[in-house]
Every structure is written in structure tokens, then in C-alpha cells.
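Whole structure, please, built from the sequences with the hints as guidance.
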Amino acid sequence: MSEVQRRKYSQEEKNAIFDGEFMPHIDSMYNFGYRLTFDEDDAKDLVQDTYLKAYRFINSFEQGTNAKAWLFRILKNSFINEYRKKSKQPTKVDYQEVETYYNSDDVHYQSTSDLRAESVKDMLGDEISNALNSLAVDFRTVIILCDLEGFTYEEMAKILDIPIGTVRSRLHRARNLLKEKLQGYAHNMGYNTDEEEE
Amino acid sequence: MNDYPSGERKKQCSDESKCFELLESILDGDLKDSGKEILKEKLAKCQPCFEHYHLEQAIRDVLKTKCTKHAVPTELADCIRQKIQDIK
Ligand SMILES: [Zn+2]
Numbered sequence: 001m002s003e004v005q006r007r008k009y010s011q012e013e014k015n016a017i018f019d020g021e022f023m024p025h026i027d028s029m030y031n032f033g034y035r036l037t038f039d040e041d042d043a044k045d046l047v048q049d050t051y052l053k054a055y056r057f058i059n060s061f062e063q064g065t066n067a068k069a070w071l072f073r074i075l076k077n078s079f080i081n082e083y084r085k086k087s088k089q090p091t092k093v094d095y096q097e098v099e100t101y102y103n104s105d106d107v108h109y110q111s112t113s114d115l116r117a118e119s120v121k122d123m124l125g126d127e128i129s130n131a132l133n134s135l136a137v138d139f140r141t142v143i144i145l146c147d148l149e150g151f152t153y154e155e156m157a158k159i160l161d162i163p164i165g166t167v168r169s170r171l172h173r174a175r176n177l178l179k180e181k182l183q184g185y186a187h188n189m190g191y192n193t194d195e196e197e198e
Numbered sequence: 199m200n201d202y203p204s205g206e207r208k209k210q211c212s213d214e215s216k217c218f219e220l221l222e223s224i225l226d227g228d229l230k231d232s233g234k235e236i237l238k239e240k241l242a243k244c245q246p247c248f249e250h251y252h253l254e255q256a257i258r259d260v261l262k263t264k265c266t267k268h269a270v271p272t273e274l275a276d277c278i279r280q281k282i283q284d285i286k
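Residue numbers (my numbering), protein chains in the order written: chain A, 1 to 198; chain B, 199 to 286.
A couple of the hints might just be wrong.
Unchecked claim - Straight line, CA to CA, 30 Å or less: simulated DSS-like cross-link-like pairs of lysine-lysine:
id, chain 1, residue 1, chain 2, residue 2
1, A, 44, B, 209
2, A, 68, B, 262
3, B, 286, A, 44
4, A, 53, B, 286
5, B, 262, A, 181
6, B, 267, A, 181
7, A, 44, A, 8
8, A, 121, B, 238
9, B, 216, A, 181
10, A, 121, B, 208
11, A, 8, A, 158
12, A, 121, B, 267
13, A, 121, B, 216
14, A, 44, B, 262
15, B, 264, A, 121
16, A, 14, B, 281
17, B, 267, A, 68
18, A, 121, B, 281
19, B, 208, A, 158
20, A, 68, B, 238
21, A, 76, B, 264
22, A, 8, B, 281
23, A, 68, B, 286
24, A, 158, B, 264
25, B, 281, A, 76
26, B, 264, A, 44
What the hints assert, rightly or not - To spell it out: a stretch of chain B is covered by chain A in this simulated footprint if at least three of its residues, at any positions, have a beta carbon under 8 Å from a beta carbon of chain A; those stretches are:
id, segment
27, 220-227
28, 255-263
29, 266-280
Hints listed in this document are in silico derivations from the structure and should not be mistaken for laboratory results. Ideal Cβ positions, reconstructed from N, Cα and C, are used throughout, including at glycine.
Here it is as C-alpha cells:
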């Protein structure tokens with residue numbers, strides 16, 4: 001992930017890296033872009049932009065390191081620096097607002113809901129997707145990276161340029177928010193969340 | 199799933215905050231070998247830990263398996279390759 005310029009790759013090496021290590025991730029990249037923007041064209045633009053940048057800066061990619069994490073970091077930076085700027089649609093929760101509001105990495109872990117594992121297992125894909133999509137983008141992002149894409153805390157810290165402690169606490173908060181949403185669905189669907197009646 | 203009857207587990211967790219943080223780290227794969235032993239012990243002895251673990255695991259599972267996937271538009275890869283050709 002370092003920006004240090006390494007030895008330059010030959011044209012054949014560039015092609016091999018691009019086809020062998022970058023392109024196989026296009027599916028994950030597109031889905032990441034789509035889940036950030038909720039728009040097919042914006043997702044396409046972000047992915048295309050990311051691949052063009054990846055090619056342009058290919059000499060700063062160290063072969064054998066995690067290409068997927070490297071690409072995700074480029075896409076996330078493009079999203080923040082370019083997409084959010086030109087986008088007229090205001091994001092539901094402002095990035096800065098989230099950051100200052102949840103500044104502390106010090107989280108108290110506790111049981112926050114009466115949601116049951118069994119009700120969660122019975123939920124439909126649409127309910128899960130909608131709950132995830134309703135989260136502010138920073139919370140949504142950590143869940144996408146961790147649960148949908150399987151990145152480690154360390155990889156997420158590099159992709160998002162934040163300390164590991166912040167990754168852990170943001171992820172914990174994100175999942176708690178998600179649980180609140182799911183609990184709402186569980187109540188509506190009449191799933192058994194607790195023995196008490198309202 | 200209920201390897202132990204819940205009657206054998208304590209009803210109150212002595213340090214919920216620490217325990218839950220640990221359980222979540224284990225589920226996220228952040229603690230490798232040392233995690234397994236601690237986990238076994240917690241799940242066997244503590245009901246709140248047991249329930250929290252299974253809820254968190256269920257949430258991770260449904261996110262991984264049930265979230266809508268969007269198919270990449272077929273022309274996107276070709277379009278990218280074409281643009282790369284142009285700047286080569
Ligand atoms: Zn416990």
C-alpha cells in the first residue's frame with residue numbers, strides 16, 4: 001500500500017498484473033460501488049475510474065500483496081474525493097458529523113437488543129439488504145468490507161486510512177445500528193423477539 | 199446448537215463489555231488460535247455470552263449469504279480494457 005515508487009514493470013508485466021490480479025475483482029468492485037452510490041451508472045463510473053487509476057499507478061503496486069485491498073482503497077478514495085463532491089444529493093449523515101459524534105474508540109459493549117438469532121436467520125435477503133442500505137455510508141462501508149468482502153481489521157484500516165481501533169469500534173456501532181433496524185423488521189413481521197407483549 | 203443445557207450456564211455475565219468485544223473479535227477472525235479456547239469456555243459457562251455469540255454469528259451469516267448481489271454490466275470490462283488500450 002506504500003506510495004513508494006518501485007522498479008518499473010515492463011509492458012508484459014503490467015498486462016499480466018492487470019489481467020491476472022486486478023480484473024478478477026471487478027465483480028466485488030462493482031458491488032462496492034453500487035452499495036456506496038445506489039446507482040448503476042455511478043457504480044460503473046467509479047469502477048472504471050478505479051481501474052484507470054490502478055493502471056496509471058501500477059508501479060506503486062507491489063506484486064504479491066493484496067490487490068483487492070489496494071483496488072478497494074482507490075475506489076473508496078475516488079468516492080470520497082470525486083463522487084461526493086460532484087454529487088448533488090446530500091448524504092443522509094454528513095461524514096464529519098459521524099466522525100465527531102462518534103469520535104471515541106472507547107465503546108462499551110453490551111447487549112442492546114432482544115433480537116434473537118433465530119429471527120435473524122429467518123429474514124429475507126431484501127430485509128437484510130434494506131437494513132444495510134439504510135445505514136449512513138461510513139457504517140455501511142465497514143460492514144460491506146468486513147462481512148460481505150471478508151477483509152481483516154488490518155486490511156480495512158489500510159483501505160479506510162483509519163487506526164484498527166477505530167475500525168473495530170465503528171464496526172461494532174454499525175452492527176448495533178443494523179440490529180436496531182432488523183429488530184424493527186422482526187417486530188413488524190411478528191417474529192418472536194421476546195416473550196413480552198407490547 | 200445447544201451443546202450445553204442453559205441451566206448450567208450462569209445467567210449474568212461478569213464482564214459483558216470485555217466478553218462481547220472479545221467474542222466479536224473472534225467472529226471477525228481477529229483472534230486466531232488463542233480465541234478458540236476462550237470461546238469454548240465462555241459459551242459453555244455464560245448464557246449472555248452464548249446468546250450474544252449466536253446472534254452476532256447469525257447476523258454475519260445472513261449478511262454474507264443473503265445480501266443482494268448486482269451483476270456487473272457486461273460491457274464494463276471491455277470498456278475498461280478499451281480505455282487502457284487508448285492510454286498505453
Ligand atoms: Zn460472559
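Against the structure, the hints:
1. Between residue 44(A) and residue 209(B) the CA atoms are separated by roughly 51 Å; this puts the pair beyond 30 Å, and the hint is violated.
2. Between the alpha carbons of residue 68(A) and residue 262(B) the distance comes to roughly 18 Å, so the proposed pair stays at or under 30 Å and holds.
3. For the proposed pair residue 286(B) and residue 44(A), the alpha carbon gap of about 21 Å is at most 30 Å, so the pair holds.
4. Among the hinted pairs, residue 53(A) with residue 286(B) is consistent with the structure: their alpha-carbon atoms are about 13 Å apart, no more than 30 Å.
5. Proximity of residue 262(B) to residue 181(A) is assessed by CA-CA distance (about 17 Å); at most 30 Å being required, the pair is judged to hold.
6. Proposed proximity of residue 267(B) and residue 181(A) is supported: the alpha carbons are some 20 Å apart, at most 30 Å.
7. For a cut-off of 30 Å, the pair hint linking residue 44(A) to residue 8(A) stands: about 29 Å separates their Cα positions.
8. In summary, the hint linking residue 121(A) to residue 238(B) is supported, as the alpha carbons are separated by about 23 Å, within the 30 Å threshold.
9. About 25 Å separates the Cα atoms of residue 216(B) and residue 181(A), which keeps this hinted pair within 30 Å; it holds.
10. Straight-line distance between C-alpha atoms of residue 121(A) and residue 208(B) comes to about 25 Å, which keeps the hinted pair within the 30 Å bound.
11. The straight-line distance between the Cα atoms of residue 8(A) and residue 158(A) is roughly 23 Å, inside the 30 Å bound, and the hint therefore holds.
12. Straight-line distance between C-alpha atoms of residue 121(A) and residue 267(B) comes to about 18 Å, which keeps the hinted pair within the 30 Å bound.
13. A C-alpha spacing of about 26 Å is found between residue 121(A) and residue 216(B), which places the hinted pair at or below 30 Å, so the restraint holds.
14. Annotation: proposed proximity of residue 44(A) to residue 262(B) holds, straight-line Cα distance about 23 Å (limit 30 Å).
15. With a CA separation close to 10 Å, the supplied pair residue 264(B) and residue 121(A) stays within the 30 Å bound.
16. With a C-alpha separation of about 15 Å, the suggested pairing of residue 14(A) with residue 281(B) holds against the 30 Å cut-off.
17. Proposed proximity of residue 267(B) and residue 68(A) is supported: the alpha carbons are some 18 Å apart, at most 30 Å.
18. Restraint check for residue 121(A) and residue 281(B): not satisfied, since their Cα atoms lie roughly 44 Å apart, outside the 30 Å limit.
19. Taking the CA atoms of residue 208(B) and residue 158(A), the gap is near 40 Å; set against the 30 Å cutoff, the hint is violated.
20. Restraint check for residue 68(A) and residue 238(B): the C-alpha separation of about 33 Å exceeds 30 Å, so the hint is violated.
21. Of the pairs offered as hints, the one joining residue 76(A) and residue 264(B) holds, with about 23 Å between alpha carbons and a cut-off of 30 Å not exceeded.
22. Restraint check for residue 8(A) and residue 281(B): satisfied, since their Cα atoms lie roughly 21 Å apart, inside the 30 Å limit.
23. With a C-alpha separation of about 23 Å, the suggested pair residue 68(A) and residue 286(B) falls inside the 30 Å cut-off, and the hint holds.
24. Restraint check for residue 158(A) and residue 264(B): the C-alpha separation of about 27 Å stays at or below 30 Å, so the hint holds.
25. Only pairs whose Cα atoms come within 30 Å are accepted, and residue 281(B) paired with residue 76(A) is accepted, the gap being roughly 21 Å.
26. The suggested pairing of residue 264(B) with residue 44(A) holds, with an alpha-carbon distance near 23 Å, which does not exceed 30 Å.
27. Residue count for the segment 220-227 of chain B with a Cβ under 8 Å from a Cβ of chain A: 4. That meets the three needed, and the coverage hint holds.
28. Coverage of the segment 255-263 of chain B by chain A holds [criterion: at least 3 residues with CB-CB distance below 8 Å; count 8].
29. Note: the segment 266-280 of chain B has 9 residues with beta-carbon separation from chain A under 8 Å; the three-residue rule is met and the coverage holds.
Comparing the model with each earlier hint shows violations of hints 1, 18, 19, 20; every other hint is respected.
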